[in-house]
Structure formats: structure tokens, C-alpha cells
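Model the placement of chain B on the given structure of chain A, informed by the hints.
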Amino acid sequence: MVTSAAIYHVLHAINVTIEIRNVCVFLAPLFSSLTTIVTYLLTKELKDSGAGLISAIMIAIVPGYISRSVAGSYDNEGIAIFCMLLTYYLWIKSIKTGSLFWSTLCALAYFYMVSSWGGYVFLINLIPLHVLALMFTGRFSHRVYVSYCTVYCLGTILSMQISFVGFQPVQSSEHMAAFGAFGLCQVHAFVDYLRSKLTDKQFQLLFKSLAITVGVVTVVVGGALTAMDKISPWTGRFYSLLDPSYAKNNIPIIASVSEHQPTTWSSFYFDFQLLVFMFPVGLYFCFSNLSDANIFIILYGVTSIYFSGVMVRLMLVLAPVMCIMSAIGISGILGVYMKNIEFGDSKAKKRPDKKIDTSYPVKSEIATGIVVMMTILLLTYTFHCTWVTSEAYSSPSIVLAASQQDGSRIIFDDFREAYYWLRQNTPEDAKVMSWWDYGYQITAMANRTILVDNNTWNNTHISRVGQAMSSPEDKAYEIMRELDVGYVLVIFGGLTGYASDDINKFLWMVRIGGSTEKGQHIKEADYFTPQGEFRVDREGSPVLLNCLMYKLCYYRFGEVYTEQGKPGGYDRVRNAEIGNKDFELDVLEEAYTTEHWIVRIYKVKDLSNRGV
Amino acid sequence: MPSEGIIGVLNDLWIHYKDQTSLKLKLIDAYLGYIMVTGIIQFIYCCLVGTFPFNSFLSGFISTVGSFVLGVCLRIQSNPQNRSQFETISPERAFADFIFAHIVLHLVVMNFIG
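Residue numbers (our numbering), protein chains in the order written: chain A, 173 to 784; chain B, 513 to 626.
Treat the hints as calculated values from the structure; they're not laboratory data.
The structure presented is a predicted model; accordingly, all values stated were derived computationally and were not measured.
Glycine included, C-beta positions come from ideal geometry on N, C-alpha and C.
Wrong hints could be hidden among the right ones.
Here are the in silico distance ranges between beta carbons for each label pair [to be verified]:
no., chain 1, residue 1, chain 2, residue 2, range
1, B, Asn594, A, Val386, 37 to 47 Å
2, B, Gln554, A, Asn630, 32 to 42 Å
3, A, Gly310, B, Asn567, 35 to 45 Å
4, A, Ala616, B, Asn594, 55 to 65 Å
In silico DSBU-like pairs for lysine-lysine, Cα to Cα no more than 35 Å straight-line [stated by the list, open to error]:
no., chain 1, residue 1, chain 2, residue 2
5, B, Lys536, A, Lys380
6, A, Lys535, A, Lys511
7, A, Lys265, B, Lys538
8, B, Lys536, A, Lys265
9, A, Lys777, A, Lys603
10, B, Lys538, A, Lys380
11, A, Lys753, A, Lys690
12, B, Lys538, A, Lys268
13, A, Lys380, B, Lys530
14, A, Lys738, A, Lys603
15, A, Lys603, A, Lys677
16, A, Lys268, B, Lys530
17, A, Lys677, A, Lys695
18, A, Lys268, B, Lys536
Simulated coverage check for chain B against chain A, where a stretch passes if three residues somewhere in it have a Cβ under 8 Å from a Cβ of chain A [to be verified]:
no., segment
19, 590–602
20, 615–622
So here's chain A without its partners, still in its complex pose (with noise of 0.2 Å):
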């Protein structure tokens, strides 16, 4: 936010006055841009200006990177990677110098990642785990000290200037592990100073009661803290990355969320198709010429693969380095290769004192089949690329669009037709209940409160809402009137086959309604059928049957007739006749439903006039 509000204001003091809305539209490509220049200014360092290009190229196109960096997109994202890999860059330098000026600059890249992502937890452990490697390997020199120790000072007392980090980096476990790291750096800096002062024999003596005496008192204290509760252990978010099972089991909100679901194989081959190949071949020709920051990069692509596999969001923090680690490989085949080839006219010139290589007979038209074949699969890449990003990247969330049985296209605009309504025919203090995804929207678009949206963090309050979608009418009347809600808002798929409806949410609701205090009475094992399965049609559980949700979505739904020789009724999402048909609602009115049904608003109505 900072930075749209900087660009803004620079903007506007050389007088070209572009709007704030237009700033932060177009600031995800802007910084996607910076991030293509920052990747050859990376892989240059690790390997040479041309796998430096390549690497350009791949993240310029790739589709991990870009679904997150589309314009109008104005999320973290769209900064946090440009800053993390130019906190990597400024790393690469400093180490590969050290010097104290790249070293600080690294902190201040740190310091501007801190600010934009809570992801910069990711750099603070991948940084002291590749000093840790590099001491391991046995490659710890004065200039890791240097670079570790600046970077970790200066960078720590610049994070904590971010409120939302405040004193952690001295109190939770996330942080300990580059405090660990960088109290080893002392220690061992401190042992090498001796150790080129005194004789073999000295030294061992002065070691061994050093090292007791350290060992001793860093066990103890560290300890004592731990079971003093002053470090705490480690917070749910990034827990769940290391015990992938912990969330779903304990906190339902963070576990609803479908980005952070466990990825797929086909994600993996959807977003990045080559890369997937060339990355094992990048590994191997980093091992094969390993230095100081070729370990760096194993150490971020391999743990990237990891986490990537916990979470579809994290393949974000995946693309850089796939392009680094392919660049890497695609220029090094390429490399031994070309030199292979020989052309035409200069077969007969050049070589007449050169030794014939015997090696393997027709050396030249291998390289050149390989080479060839290296180009058409970077060109499939190009094109799997740009179609992936025109097919599913580039489409408003907001209108859908589906193509009928004669090809032709048909445009669902009933978001903003309901949003428009909402604006339109609703008291201006109107409070509109819907399920939280939709909260931004609204807010935007209808211009009324709700009372959950995309960045809530209160669960008791979401479990709120969840309690009284899966409630029947008269408990979730109750808090209806407890929240004072007037209008309630579903979307419901079923007649046009628009499957991220409400219903299909809807067991993320009973989840998490029944994951407090107040909504132990909703369990999620009441709303399946006996056999295990959710069901919507007449085997379905009474429970689910009945619940507000359910009536909200097919109020007379039972008299439509959705496809041929189907009877009336029949959900075309769950592929069902629905169970419960022809009911009435008591406590709400139904004020609005669009088009093709996939929002519908009901009224809530008011206590009645005469007692019973």
C-alpha cells in the first residue's frame, strides 16, 4: 500500500496525474516487470549473462507467476516476490563480495520484503539454513561471517519497525533458527581466530572447555525460556506448512481457504509444463560446479518443491526459481552442445591442426538435433504459456462466461446484477449477511455493510455466520436478530451448473460454525447420510434437509425444470433431484433472485405485531 501511495504521489509531483485506482491496478505488472530484471541480475550471478536471459524469458511467461500478477490483482503477491528475489540477489552479492555495502543493502531489500508479506518468514529461515549449510560443507569463510552478521542485525531491528511484526523476531520460534544461526557464526569465527593463534594442542585444550562450557549454557537457557512460555512455539500459519494435517484438524478457517489446499500433479504441469522437466537438469549442473551460491539455490528450489506441495498458493514462491533452476539447465546443454556444431564453410578452414575426436562419430549432427530439439520444446513452452494465461488467467471473477451446445458464447452477469439491486432498492444502513468470500464485493459494489469479508480475522465472528447458515429457520432467526441483519445473500449453482456455490461451501461452514463456543451443537457428521455421503436429494440428512442454507438456495426451486427429461427440481451441480421441495420460509421473504438464479437475497422480516 505504501509503495501504490509513493508512486502516487511521485506521480503527481511531476504533474502526470494518473488516478490511485489506476496505480494500483497496474502495479502488479509494473512489479512484475522489475521482478523479470532482478531474475537475470540473479541467475547471472549463478551462472553467466545467457542462463541469466533465459531465466528473463521463463518468468516473463510463465503462468505461476502471472496468476497472481494480473493487473487488477492487488494483493501481496504483487510485490513480495519482486522483493524477495532482490533480497536473494543482494544475498548472492554480498556473499560472493563481502562486502558491507551489499550486505546492508540486502537488509534494506529484507526490511521492504518484511513490509509487504508475511511469506518473509520463508527468507529469514532459507538465509541462516544456507549459512548452516555452508559451515556444514565446511565452506564458512570471512565473508559469510560478514554478510550473516549484518544482514541478521541490521535486518532484524528493521523488521521490527513493521508493527504487524513488532517483537516477534525475538520471541517466537519462527525467528529462532536465525538467532541460533547466528550465534553458531560467532562461535565459529571466534574458534577459527584462535585456532590460526595458538598450536594444535593448545587449541584443543581451549576448545574442548569452551565448547562444554557453551553447549552447556546454551541448552539450559534455551530451555528455561521455552518452558517459561517467553518463546513461543510456533503460530498456526505456518505450522500447518510443516504438519499439513494440523490445520484441517484444528482450525478450520485457515484450512477452508482453497488456496491453501494440498496441490495437485496437474497444477504442477499446468503452471509451469517445461520447467518441470528442466528443473532436475538445472539441480545437477548446480551440484556439478557447487560453489558458495550454487548451494544457496538447491537449498530455495528444494525446499520451495516442499512447501509448494503443501499449499496451491506457495507455487508462487515455486516459479522463480523453477525459471532459475531451467535457465541453468536449458544453458548448460546448450552451452556443451553449440560448441559441437559445426557449419558448413567453415569445416574446411578452421580445423586443420586439431586433433580428430574420436569420441563419437557424428558429434555434429547429434549437437545440432539436440539443439533443435531444445528449441521446439522452448517454443511449446511459449505457446502452452500464452494459452494457459488467455484460457484461464485472463477472466473477470466477477462475470462468467460458458459456451452453449452450438458454440456460441452466454454471459452470466448476475453478480452485478445483484449488487446493483442491492444498491438500488435497499435502505442505506442495510446489513447484508452473506458467506465471506463475497464480502469485498459487496462492500464495493452494493455499498451496504456486511459482516464478514475476505479479510476477517475474528473466527468467532465468521463462526457466527457459519452457525446460522447451518441452523434451521427459528435458532438462525435468533442470531439473525442478534446480528441485526436485514438482507441475507447466497449463490446458488444449481440451475446453471456454476459449481463454487454456496452449497458446495457449505460443509467449510459447519465446519468452522462448529469449531467454537458457541456452535458445539453442529457437528459435521449430522449432515451426512448414514452411509457417509452429502447428499442433497431425498437420502439426504434431515439436518441438512432442514437448515437455512438449504431452504435459502432452493426456495421453489422444486417448480423449475432445469433439463430435459429430468423432473422439476433437479440440481445440475450435485447431478440430484432435491430432497425437500415444497416448502415455505417463516422468518424470511425472498427479495431478489437473478437471471439464472445464481444469487438470490432474501429479506429478513421483522418481529411480528401480535405475540403468537
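Quick look at chain B alone, frame taken from chain A:
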């Protein structure tokens, strides 16, 4: 050199240090010693009195730790024995970098001290 246990080793170390290190490095070492004493005093004070304005304690303590670390880095980079590892950095450049890092460190400490 006779070495009877730890005392002897430390004695040898001290004599070796006095003879072998140049004046410039000894100056930096004295500065480092002073910083360490300041840091220890702050830490003991915090242990005794409590951590109420935690940000002030942290900023003061980290400023001593940071200055110490930067001083050690300067010492490493100025030591002519380490020239092979720092090819691009002359002692003047090392000092300039040291100043730059200190500017950043003290700006942040000023902001954080509250």
C-alpha cells in the same frame, strides 16, 4: 612454549596477541571491548529492572550488538592477512562501507527507541 593447562594457554595467547597484531587492529579491538562492556551493562540493567519499555531495551541492546558485529567486520576486512578473501575491497572501501552500515543502523535505532 610451555603449556600447563588453561592458564598457560591463555597466557600464551595474550603474549602472542600483544606481539603480533598491528596498532590499527588493536585500536579496533579496544573499541570492540568498549562496546561489549556497554552491552553487558545494558543487559544486566534489564535483568535487574525489568523490560518495561521493551522496544527501548531492544533498540539499545541491538545497537550495541550491531556496532560490535560491524566493528568485527571492519577488523576482518582491514586485516592484511585476509586480503585473499576480499579481493575487491581496499581498507578505505571497508571503512566507507562501515560508515554506511552504521548510518542505517543508527537511523533505525533512533526510530525504534521510542
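Hint by hint, here is what the structure shows:
1. B:Asn594 with A:Val386: 37 to 47 Å: violated (25 Å)
2. B:Gln554 with A:Asn630: 32 to 42 Å: holds (39 Å)
3. A:Gly310 with B:Asn567: 35 to 45 Å: holds (40 Å)
4. A:Ala616 with B:Asn594: 55 to 65 Å: Holds: the Cβ-Cβ distance is about 59 Å, inside 55 to 65 Å.
5. B:Lys536 with A:Lys380: holds (31 Å)
6. A:Lys535 with A:Lys511: holds (10 Å)
7. A:Lys265 with B:Lys538: holds (30 Å)
8. B:Lys536 with A:Lys265: Distance ~28 Å between B:Lys536 and A:Lys265 Cα, so the pair holds.
9. A:Lys777 with A:Lys603: holds (13 Å)
10. B:Lys538 with A:Lys380: holds (27 Å)
11. A:Lys753 with A:Lys690: Given that 35 Å is the threshold and the Cα spacing comes to 30 Å, the pair holds.
12. B:Lys538 with A:Lys268: Judged against 35 Å, a Cα distance of about 28 Å means the pair holds.
13. A:Lys380 with B:Lys530: Answer holds: A:Lys380 to B:Lys530 is near 24 Å, not above 35 Å.
14. A:Lys738 with A:Lys603: Violated, because 38 Å separates the two Cα atoms, which is more than 35 Å.
15. A:Lys603 with A:Lys677: holds (22 Å)
16. A:Lys268 with B:Lys530: holds (33 Å)
17. A:Lys677 with A:Lys695: Holds. A:Lys677 to A:Lys695 sits at ~16 Å (cutoff 35 Å).
18. A:Lys268 with B:Lys536: Given that 35 Å is the threshold and the Cα spacing comes to 26 Å, the pair holds.
19. 590–602: holds (count 5)
20. 615–622: n = 4 at 8 Å, threshold three: holds.
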